[in-house]
Amino acid sequence: MMEQPPSLAQGYRLNEPAVITDQIDGEWVIMNLANGAYYGLDAVASCLWQSLLSGETPLVAGRVIAAHFEVPEERVAADIATFLAQLLDEGLLIAGSALPELVARGENRVPAAPYATPCITRYADMTRLLALDPPLPA
Amino acid sequence: MSGAGRTMPPLDPRTVSPAVLFQSLAGRRPGLALASLSGGACTLTLWDEASRTRISTVAHPRRARESDPAMLSRLLPVCVARLLVIDAVGHEDVDLAAVTAAFDAAPLLGATTDGGRRFCFRGEIWTSLGGCDGQMPTLAEASRDLFAKIAALGFAVPGVPARDVEQLLGREDAVYTAITNRYDTLKPQPRDFAGQARQLAFLDRSTADFHGQRSRGWEVVAGEVPDTDPRRASRYWKANAHLALPQSGISLWVDASISIAAPMSLARLAGLFLAEHDICVFSHHARRSIAAEAQACKALQLDDPDVIYAQLARYATEGYPDEDLAELPVILRRHTPAIEALNESWWSEITRGSHRDQISFNYVAWKTGVQYERFPLSLAVRNGLFVKMQRVRANRETSIWQ
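Keeping their order, the protein sequence lines are chains A and B.
Note that our numbering has the first sequence beginning at 1, numbered continuously upward.
Note that our numbering has the second sequence beginning at 1001, numbered continuously upward.
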């Protein structure tokens, strides 16, 4: 993990071209081409991811989420700091403003369900993508 | 992982193939990637005129005497740009504008070379084929090998013109799949592949409930196959294309584990591979006979050996020569009376004999006199058309953080 907590007041952008991401049928998919890792996001994390890619600072994104879910800003800020540290640790985001031409498309769906700590799931078994002739169900 | 607030279980992002992800990102990809080989190292430069971004990085051989093809296949199994130029003479004199213009002007141009020291590939084709073969000793030989693979997909390469064919599709033509008992999850497919055709997923209720509103681009048809055991239910739709899609003239069956990587539309795929015959499948990547398939099914305990070998004995009695084997996760069909007869005969074999559909397909093709086309290469390698993905059962969750 990073020694210093990341700043919530500055902007971040996708670590292109090593990292690619897109929203496919409502799901955010992230792939790090440098190491083959895939990432999935839960509902709140997806909302945050979209906000960060569109140039919002984590601070602003957190305030929007706190207001939407009616949870304390402090709790959301703490969760976002942890989440952001994970994104930076994985090399998915880097500090800097989003380039207008590279701002992610996609619809930012703010989840209707109760607030949950944003969660990113990492899948490192890229090589298993090309399974040869796996047996069909018996 | 915290489940609070989630109404649906997550789908596994690994079921999105890099080719599909790249295609969905097409508008944001850099215009050109230049891999410049010099002194054993590879300088990779990406740039995009629209965003005026330019990124360069230098990669060195991992081991002594790593060949250029080996290094390229390690560094660039996917091309992150729309065009890839591989240059072994120093890139200062590459007229990038001219290269880009040539490919822009000819959508079916797959690759070019200027005398064997500089090679240019359309990025999506490079990605769908997984790049060049790292086992080839030289860049020239690796490129020639790749040219042949690209030509097999109907694109123009040096010395081979493009095959400009397209099958006119109707609105009821379809790409389709089926999943029962949550055995797999729907894969997102390239957005423009189906074109005017439909993209249908026949799911039983349990699988449809899992996917909920997240159909990943598929039009879901939910329901059970009547009077069919679970092992055969998905194969009902697979075999009986004429019953699943009674209004279709052309259909493409893909197992749920298949991701379409073809750098072309269904109309072009059908134009290319249904030109001579009304059905096209892959040759099996490893086996060449039903007898060999039976042996594999027995070894893997995929079905009752007694049922399989009784079936083979019956085929032998009828004089079936058993000298070919199709691999059937992908079936491209024109819906003709002859193909309908093959479908029905095949389903009859699946219901009366082994549920393993590869046990009976070649026999049925022989019996009904239907000849089939073969897709290039096999499903065990990057064939440029389809990728067999890891099968991911629904409801499996892992997280390293929570």
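It should be emphasised that the hints constitute simulated quantities derived from the structure, not laboratory data.
Using N, Cα and C, we set each Cβ at its ideal position, and we do this for glycine too.
Certain hints may be false.
[Claimed, not checked] Just so you have them, the derived chain B footprint on chain A, three or more residues with Cβ under 8 Å:
hint, segment
1, 45 to 51
2, 72 to 81
[Said to hold, decoys possible] Label pairs and their calculated CB-CB ranges:
hint, chain 1, residue 1, chain 2, residue 2, range
3, A, 71, B, 1304, 42 to 50 Å
4, B, 1062, A, 71, 45 to 53 Å
5, B, 1181, A, 8, 19 to 27 Å
[Stated by the list, open to error] Not the full set, but computed from the structure, chain B residues with beta-carbon under 10 Å of chain A:
hint, residue
6, 1039
7, 1078
8, 1171
9, 1221
10, 1309
Fill in: chain A contact restraint on residue 1221/B - CB to CB distance below 10 Å
Interface hint status for residue 1221/B: violated (17 Å vs cutoff 10 Å).
Item to complete: Go check the segment 72 to 81 of chain A versus chain B for me, would you? Three or more residues, Cβ under 8 Å, otherwise it fails.
Response: violated (count 0)
Worksheet item: Within 19 to 27 Å or not, the Cβ separation of residue 1181/B and residue 8/A?
Response: Violated: the Cβ-Cβ distance is about 46 Å, outside 19 to 27 Å.
Worksheet item: Lying within 42 to 50 Å: is that true of the beta-carbon distance residue 71/A to residue 1304/B?
Response: violated (57 Å)
Worksheet entry | Agreement of hint residue 1171/B with chain A interface, Cβ distance less than 10 Å | violated (22 Å)
Item to complete: Would you settle whether the hint for residue 1309/B is holds or violated, based on the nearest Cβ-Cβ distance to chain A being less than 10 Å?
Response: violated (17 Å)
Item to complete: Tell me if residue 1078/B is really an interface residue toward chain A, meaning its C-beta lies closer than 10 Å to one of theirs.
Response: Hint on residue 1078/B: holds, closest Cβ of chain A at ~7 Å, below 10 Å.
Item to complete: Tell me if residue 1039/B is really an interface residue toward chain A, meaning its C-beta lies closer than 10 Å to one of theirs.
Response: violated (23 Å)
Item to complete: Three residues minimum, CB to CB under 8 Å: does the segment 45 to 51 of chain A make the cut for coverage by chain B? Let me know.
Response: violated (count 0)
Practice prompt. Hint says 45 to 53 Å; check whether the CB-CB distance for residue 1062/B and residue 71/A agrees.
Written response: holds (49 Å)
Hints 1, 2, 3, 5, 6, 8, 9 and 10 from the list above are not met by this structure, while the remaining hints are.
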